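Protein chains in written order, with the working numbering: chain G, 230 to 516; chain L, 112 to 1151.
Just to be clear, a hint being listed does not mean it is correct.
No more than 20 Å apart at the CA atoms, straight line, and that leaves these computed lysine to any residue pairs for SDA-like [unchecked claim]: (1) L:236 / G:393; (2) L:227 / G:315; (3) L:216 / G:393; (4) L:694 / L:533; (5) L:750 / L:694.
Ranges of calculated distance between the beta carbons of each label pair, as one might list FRET restraints [said to hold, decoys possible]: (6) L:238 / G:506: 30 to 36 Å; (7) G:258 / L:902: 38 to 44 Å; (8) G:323 / L:297: 28 to 34 Å; (9) G:355 / L:902: 23 to 29 Å.
Simulated from the structure, these hints should not be mistaken for laboratory data. Since the model is a prediction, treat every value here as computed from it, not as a measurement. From the three backbone atoms N, C-alpha and C, an ideal C-beta is built for every residue, glycine too.
Here's the letter readout for the chains.
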Amino acid sequence: MAQIFDRSSNALARMSLVLTGLIVIALGVTLDQLQRSPWVTRQGQRPDQPVPFSHKHHVQGLGLQCQYCHTTVEKSSYAGIPPTKTCMNCHAQIWTNAQLLEPVRQSWATGNSLVWTKVHDLPDFVYFNHEIHVNKGLGCSSCHGRVDEMPLMYAQNTLQMEWCLNCHRNPAKNLRPTSEIYNMAWKGPSEDHPVWCSVGEQKSGVPTADSVNCVTHNPAEAGPQLASLELPAGAGHGTVADVAAAKLPAAPIYQKFTSQDGLGHFLLKQYKIRTPRELSSCEVCHR
Amino acid sequence: MSHDQMKETTNQAGKAVDNDLKTTAPAADASPMSLAQLRQELKGVKGKRFWRSVDELANTPEFQAAVEKEFPGAAQEWVDPVSRRGFLKLMSASMALAGLAGCTKQPDEPIYPYVKQPEDLVLGKPMYFATAHPFVTGAIPLLVKSDEFRPIKLDGNPEHTYNRGSSDVFSQGSLLDLYDPDRSQHVTYRGENREWGEFAQALRLKVASTKDGSGIYFLSTTITSPTLARQWKAVQAAWPKAKLVQYEPAVAGTWVVNGPNVQYDLTGADVIVSLDADFLSGAAYPGFHKLVRDYSERRKLAGKDLNRLYAVEGSPTTTGYKAEHRLGLRASEVPAFTAELAKALGVAGVDAPAYAWSGEQQKFLAALAKDLKANAGKCVVIPGLYQDASVADLALAMNSVLGNVGKTVFVSSEPAVPLPSDQIADMKSLVADLNAGKVDWLVVLNANPIYTSPADLGFPAALNKASIVAHLGSRLDETGQISHWHIPSAHYLESWSDARSYDGTVSVVQPMIDPLYGGKTAHDVLQALLDDPAVSAYEAVRTTWKPAIKGDFETGWRKALHDGWIDGTAFVRTAAPKVQIAKVPTPASRDAVEIIFRPDPNVYDGRWSNVGWLQELPKPVTNLSWDNAAIVSGATLTKLGLEEDDIVELSVGGNRVKAPVIVAPGHPDNSVTVYLGYGREFAGRVGSGAGFNAYLIRNTWAPLYAAGSIQKVDGKWGVAITKSHYQDHRSETFGGQGKGNNSLEADEALGPRGIIRYATLEEFKANPNFAHEGEGRDTPASDESLFPNWQYEANKWGMSIDMNSCVGCNACIVSCYAENNIAVVGKQQVRIGRNMQWLRIDTYFEGDLAAPRAHFQPMTCQQCENAPCEQVCPVGATVHTPEGLNTMVYNRCVGTRYCSNNCPYKVRRFNFLLFSDFETESLKLMRNPDVTVRSRGVMEKCSYCVQRISAAKIEADKENRPIRDGEIVTACQQACPASAITFGNLNDKGSRVAKLRANERSYQVLADLNTRPRTTYVAAVLNTNPELEETPVEHAPAKG
C-alpha cells in the first residue's frame, strides 16, 4: 500500500508540535500581560465624571493644599472625598454661572450627592489605610503621581498587589520626611539637592515625626532667624513650662543626604518602620 | 495504650476513682446500647469519665452516622449520576476557563460624598455612643459602635458599674433585630397604607368621644420605661376609665413584675445556693451580668477565696452544671425542699408540706443547711424566677435569718418595674371584658397576645369582640395580621426612651439611627392622647429626669447621655422587710408527668424568632439550634420507649402539641422542659415554622409548671444538634480506642491528653501542678519538629481562657457573629455540620447520666505556632504572620479544605454554599466594614479579631509606642460577663495574658501534638463540700 503522507509531512507534524507549544506559551504571556495592562488595571484612564474637576488647576494653579478637600488623610483609613459644601465654599462666590458647575449647584440645591466614579479603586478584600502611610513618611505623589499636573484625574500606578509589595518589601526607596508629604514635586535628595536631617530625643508616645527635622537647604548657612525657629525635636509636644525649664538647646547636628537610598534608610530607622517581613505579611492588608 | 495506663493517668489528680473504665467505656462493642443498658453502665459513676452527648454514650446508629464524616452528610452531596470521566471533562473545561475568569475587570464603583458632612465625623473611624437595651429583667447599659452613624456592634458600657462592658446573647442579637428585613415598614389600616397622623387622629377622636376613656384598653408588654409609666399615669388622669393591661409571657406570674425587689451581691458570698435560679445562663435572670461577674471573680483564685455554688433545680441549666453540688428535683418539689431548708435554718412559721424525701435529698439538705449556717452573713440564697412565689419569700426569709441582708442581699421598697401588676389576673379580666363587649378599642403595644396568651383564656376568639384592634409592633406578626391598624414600632436603637438597670440606675435610651421604616414608639401612642400630642419621646424623657439631674440641666443631661446613666437614681435600699410567706404547695406525685415552661435561652418569648444569629446559636445544655424540644431525662426516655428526635405529644388540660424529644443529662425524671418562643407562624423569613408552639399548652392556672402527659406519636422531627461532629478513627497506637465509634472530643478528654483538667481545692492545694502531671500532657521540646521554629520579635498574641470562670452563656458567640460578619446557614445545613460559628462552647459531661457535672470549654482557633493547617494549604491561603496568627487570606482560598482536615481542633468553617447574604439592603448596613464578607468556597475561622489588632497597631505606630496591655480586646472577650477570656501580647512579660500563661494551672489542649497553641486554658478548681463528695448514689429508675 502506498504511503498516504509524503515524507515531507513529518516536518509539518514536528512543526505543528512546536507551534502548539509556542501558541500555549504565547497565550500565557498574553494573558499575563493582559492582567497587568491598563485595560484591566485602568491605569491612566480618565473615567467620565459629573464635573471635569481639574486637580491641576486647583493644586498647581490656585495652590490649594491636599487636605483642604481630603481632610481625614492623616487621621483615618479614608482620605475623604469632599462634600459639596467644600466646593460651594468658593463656588458660591466665583464661577457662579459656569455651565460646568451646574451639577455642583444641583447637588447643593437638592441635597443629592455628586456621584463620582472611583479612580483609585482597590478590590474589596484589601484594607488600605491612608493615615499610617502619611504619618510614616509616604507622600501623596508616591502613589497618586503628580496630581498637580493632572487636568483630569487618573491612576498613575496599577495599584496591583505586586506594586504594593514592591514598596512593602523595601520601603526605604519611597520614604521622605513627613514635612514633605504634600510636596507634589518632591524628588528625593540628590547631589544637587541634598537634604539635611537632625534627630532629637525619641520619646514613647510622641510621634516619631516630631523628633526628626529635615530641611532642603544647608542649615549651616541659615540666618539667625531660622536657627531660633528650630527648637529641639519633641519640644512642640511638651508644655510651655517644659520648654522654659529646658536648657538652651545645643545646636542640632545635621546629617547630609545626597541619595534617596541614604535618606530612606535613615528615615526607616527614625520613623520605626516595621520590618519588610512584617509589612508584607498577609494580614496587614487582608482580613 | 492499655486501659490500666489510661486509668492511671486519668487519676493523676490523686482522686480515688473507684470505677473501672473497662466497664464504663461505652464502646465495648459497636452495637448500639439501649438507654436502659446505658443507665445500668453509668449508674453511680462519678469519676472523671467524660462524654459529650447521650447518643455517644449509647452509641446509637444516629451517632455513628453523624460522626462518620469530617463534615457529616457532606460526602453524600454528589447525587447526580455523573461519571468520573464526565466529571474530568467538565473539570478540564472549567480549569481552562478559570484563568480567563481572573482577567475580569472590576466594575466601576461610584462614590457618594456628603453634601454637608457632619462636623465631627471622620469617615473610617467608628464613633461610640452610650445607650441601653431596655429589657424586662433590667436594662443592659450599652456602648454602641457606630460607623457613619450606623450601629454595627453592641457591647456593654465599660464604665457602667452594672455590667462593666459585658453583654449577653439578647443584647448582641438585638442588632440583627434592628436590621431585620422583615420588619414592617408601613402604617396600615385594614391592609391599606396610611399615615401615622391618621392613626393618631383616629385614636384621639375616639378617646375624646368616650369622654372618660371607657372602652379604651391598652395591652402592653411590661412597661420598663419610667417616662412611659409617667405618660400612662397622665393618660389615666385625663381618661380615668381607660385601662392598661401589661402582659409579658416570660415573666407573668413571677416576682420580677410584682414581687419583692431584691438584689444580690456575690462578691462577699462564700456559699451561694440557687433554688431553681438560673442566674448564670442569660439575661433572662435579673442581674445576670453583675451576678456572673461577681461569681467568676471568686473563681479565679487571684487573691480571693473560692466560693462554693449549690444548685437545686428542676430543669438542667448551666448554673446547675457549674455548681459544685447539684441536686436535680422535680420543679414542684423545689418549694417544699425550700421550706425544709428554711425550717432547718430556723426560719419561723414555715409550713413545710409532708413529703417523702429520698436519702440523697436529705443528705443534700443537711449538708446545705450546715454549710449555710457555718457561713452566715457570707452566703446567699437565690430564688428561681420560674418558681412558686413561696420560694422567693422563703429565700428572703432565709437570707434574713442568716444575716445576709445588707451584706450579700439588698432589698428595696421601690418596685423593680415602674408599674407592678398581677399580669395574669389582668389578662384574665381583659378577656372577660372583651367577652362582655366592654372593649371598644384595644391598642396593643409591642405585645403579641394572639401568639403568647395563655391557652385557656381563648384570647384570639375574644379579640374579635373588640370593635377596633390597633397593633404597634415591629413586625406584622400573629397579632399584627388580624389587627385593623398596624403601626411599625421603632427599635430601641431608633428611639428615645429610658430604662433602669438591675440596681435601679437610670439609663437614657438614645437613638443611634433614624427609624429605618418610620417606626413609632409607645411613647408616641400614649402622648397622642394627651393635651400636647406633639411632645416627642425626647422631650418626654427630658421632662421626666429634669428633677433628678442636679446642677445645670443641659450639662447634666449631656453628661448622662455621654456616660450612659444618670447619677443617684439607684433604688433606695431598705432593711429587710417582714416577709409574708406564701403557702408552700405540696409537690405533685412522683408518678405524674410535669411540664416545665421556660422562655427560650435564645429567642426568649419569641421576640427574637427572626434573628438568625440567635436561632442558629446552640442552646446551652442541649446544643439544640433552630428548634425547641421536649427535654426529658434519659430514664424517662427509656420508660416511654423513645429515642431522641422522636415526636411526642404533650398535653396539658386537654390542649396538645407535638414536639421532638431530646435528653438533657441531669433532667429530673417524669418531667419535661419546654421552651417558649417557637412555633411562630408569622415571625418572618427566618423564624416562621421553627419548632413548636408551647404557648398552646400553657395556661393561666399553671404558667410555670403544670401537670400534663407525654406520649409517643409516629415520626422523627429532625432536630439540629451541634454536639459531636467528629469521630475518632484512630487505632490504639495513635491514641484512639481503635473502635472508631467515639467522638474525638470525648476520647481526648478521657485520654492522657486531658482536654478537661480540673481538681478539687484540696487536691490543688496538695498538688498545685496537677494540670501538668502525666505523660503526654505538655508540648514536646522545641526541636521535636521537622519545621523550623518561628521567631516572634515584636508582638506575640495569645489568649487565655479560664475554665473555672466560663459559665457557658454563649454571649461570646453572638458577639463574634456581629464582629466578624459570620453567616447564618439554616437548620438543614446545621444538621449536616455546616454551622459557621467561629467559636463554639464544648460541653463535656462527666459521671452519672442522672447527676452529671459539666465543663464548658470555649473552643476556637488556637492559632498554633506549629500549625497543621498551614503546612497543607496548597495555595498559601492560610499563613503564619510574624506575630503568630494563622491568617486566612480569603481571596487566595480555593476551597480544598485540606486545612480543615488537618486541624486537630476542628475549628475551621467552610462556606459550602453561598451562605452570606450579599443582596439584602438592610443587612449591608449592619456589616463590619473592616471584615470581608466571605463568599462560597472559602474557608474561614477565628482570626483573634485581626481587624482590631491592626487598628491598634496603626494607632500605636502613629503615636510611637508599644501596644498597651488591654488595648486590644477581642469581640468574645468584650462580651464575656465572666471575664473568662484574656487576650494580649505574650512577649510583654507584664501583660495579664503572659501572667495567666505562666500560671501553674494553664494548659494547652492537645499539647502533645506539638501544635504549640497560642490559646491556653486555665484548669478549673472546684471547691467541693467533703460531706457531699463523690459517693456513688443509686438513682432509682423512674416508676411506672
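Hint by hint, here is what the structure shows:
no., hint, result
1, L:236 / G:393, "violated, 23 Å"
2, L:227 / G:315, "holds, 8 Å"
3, L:216 / G:393, "holds, 19 Å"
4, L:694 / L:533, "holds, 18 Å"
5, L:750 / L:694, "violated, 34 Å"
6, L:238 / G:506: 30 to 36 Å, "holds, 35 Å"
7, G:258 / L:902: 38 to 44 Å, "holds, 39 Å"
8, G:323 / L:297: 28 to 34 Å, "violated, 46 Å"
9, G:355 / L:902: 23 to 29 Å, "holds, 28 Å"
Violated hints, in rising order: 1, 5 and 8; the structure is consistent with all others.
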